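Chemist: Sequence:
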Amino acid sequence: KNALCSENRKTSAIKCTCKTGYTNTGSAVHFVCKDSCTIKNGGCGPRAACSHHAKTNAVRCTKKAGHTNTRPASGDIRTVNISANAKWAQNGVTVAGGHGEGGATNQLNLPLGLFVDDDQTVVIAEWLHNRIMQWKNGNTTNGQVVAGGNGQGNGLNQLSVSTDVLIDKETDSLIICDRGNQRVVRWSRRSGTTQGEILIDNIDCFGLAMDEQRYLYVSVYGKNEVRRYKFGENIGTLVAGGNGQGAGLNQLNGPTYLFVG
1 KNALCSENRK TSAIKCTCKT GYTNTGSAVH FVCKDSCTIK NGGCGPRAAC
51 SHHAKTNAVR CTKKAGHTNT RPASGDIRTV NISANAKWAQ NGVTVAGGHG
101 EGGATNQLNL PLGLFVDDDQ TVVIAEWLHN RIMQWKNGNT TNGQVVAGGN
151 GQGNGLNQLS VSTDVLIDKE TDSLIICDRG NQRVVRWSRR SGTTQGEILI
201 DNIDCFGLAM DEQRYLYVSV YGKNEVRRYK FGENIGTLVA GGNGQGAGLN
251 QLNGPTYLFV G
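Following my numbering, the residues of the sequence shown are numbered contiguously, the last one being 261.
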């Protein structure tokens, strides 16, 4: 009762996803949708309390007294308190790559979009090697290929010019802009995953973002527009641009990355 299922009219395949606020703890075939707050505190981390939005049931993370929550996760409502007098360190630290250009697991080659999880795990869309790399917090020696990495191609186990990635906490999966294949795909983060599934096809995607209600926003580079999608939809709703390429206030010019507040 906490899952939403639909049938592909062409293949008769059944696709299911958990409703907002629930996480699948079963398998891709046998769905068991449990309250996300009962699973690793909904991804809120140890310094926040997990609850649900009254209207949307999306996971809401509220900072505990004496703590500031500064690590957002897709689909969650987060509060960030930064002092007006805050100063940033002038020298950063390497958290991924840094071992020259290449395809080894300790290297990156043209990294583009990235996403930081609650535990500071970083996932990176790597353009030239057509793969998504994951780097655990504190381990700067080697990353891990978590999607693609099987050469450039259009197979479900392949990527082609991946430009952006985010983590969907509800399904514990990666949402990837597979731009060279003109599609948005989803890869489970579960161990043993060898291929993804197509969420949206025939789209010149570039950047991705997700709001608190789990609507997916996609910048469509070639059409100079941004569209919003509900999971299971392939058309989406125009939310920005769409009036041709230009500099007008109602136009966009090659939109790439985006953020939804």
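Rather than coming from a laboratory, the hints here were simulated on the basis of the structure. Among these hints, one or two may not hold up.
[Unchecked claim] For lysine-lysine, the following BS3-like pairs were computed, each having C-alpha atoms within a straight-line distance of at most 25 Å: (1) Lys34 / Lys230; (2) Lys40 / Lys19; (3) Lys55 / Lys223; (4) Lys15 / Lys230; (5) Lys19 / Lys34; (6) Lys55 / Lys40; (7) Lys136 / Lys40; (8) Lys55 / Lys34; (9) Lys19 / Lys230.
If you're wondering where the values come from, they're calculated on a predicted model, not measured in any experiment.
Chemist: Against each hint, give a clear statement of whether it holds in the structure.
Modeler: Hint by hint, here is what the structure shows:
no. : hint           : verdict
1   : Lys34 / Lys230 : holds, 21 Å
2   : Lys40 / Lys19  : holds, 18 Å
3   : Lys55 / Lys223 : violated, 33 Å
4   : Lys15 / Lys230 : holds, 14 Å
5   : Lys19 / Lys34  : holds, 10 Å
6   : Lys55 / Lys40  : holds, 23 Å
7   : Lys136 / Lys40 : holds, 17 Å
8   : Lys55 / Lys34  : holds, 18 Å
9   : Lys19 / Lys230 : holds, 12 Å
When the structure is compared with the earlier hints, a violation turns up for hint 3 alone.
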